[in-house]
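*Asks:* Sequence:
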Amino acid sequence: MREERWEEPGHPPPSRHILVLPDREAAEEVAEELTGLLALPPGEEPRPVREALAGDDDAEDAQWLVVLEDPERRHDTGALRELVESREGWLERE
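Heads up, the numbering used here is the position in the sequence shown plus 4, with the first residue counted as 1.
Among the clues, some could well be false.
What the hints assert, rightly or not - Derived Cβ-Cβ restraints for the label pairs, each shown as a range:
hint, residue 1, residue 2, range
1, Glu76, Ala56, 27 to 37 Å
2, Glu76, Pro46, 14 to 24 Å
3, Ala43, Val71, 11 to 21 Å
4, Gln67, Glu36, 16 to 26 Å
5, Arg20, Arg54, 14 to 24 Å
6, Glu89, Arg28, 25 to 35 Å
7, Arg28, Glu96, 28 to 38 Å
Bear in mind the hints are in silico, worked out from the structure with no lab data behind them.
Just so it is clear, CB atoms sit at the ideal spot from N, CA and C, and this is done for glycine as well.
Could you put the whole structure together from the sequences, leaning on the hints where they help?
*Replies:* Following this line, the structure appears as structure tokens:
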């Protein structure tokens, strides 16, 4: 993926991308697609993680996260955003 410039002047690009998805199936699809698109080596594949929403007792009320480490800041945030939004999710960055 090509690199996108960080939108905020004076701030470094993110070193971690958090793709927030509405359900497990979407998170698994995104994780698998990222592994192929980014040609990630074994052991570096992103994995879906369930995050219960604060105050929710129902197991169905959860978000699913796919965390993509990017210490070299080489992943295209625009392409990541497009991928996650195509599955009704959103992108957060750290």
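*Asks:* It remains to establish, for every hint, whether it holds in the given structure.
*Replies:* For each hint, the structure was consulted:
Restraint check, Glu76 to Ala56: a C-beta distance of roughly 32 Å satisfies the suggested window 27 to 37 Å. The beta-carbon spacing between Glu76 and Pro46, approximately 18 Å, falls within the hinted interval of 14 to 24 Å. Between Ala43 and Val71 the C-beta distance comes to about 18 Å, which sits within the given range of 11 to 21 Å. About 18 Å separates the C-beta atoms of Gln67 and Glu36, a value consistent with the hinted range of 16 to 26 Å.
Look at Arg20 against Arg54: about 18 Å separates their beta carbons, and that is inside 14 to 24 Å. In this structure, Glu89 and Arg28 break the distance hint of 25 to 35 Å, their C-beta atoms being roughly 18 Å apart. Between Arg28 and Glu96 the beta carbon distance is about 18 Å. The supplied range of 28 to 38 Å is therefore violated.
In this structure, the earlier hints numbered 6, 7 are contradicted, and the remaining ones agree with it.
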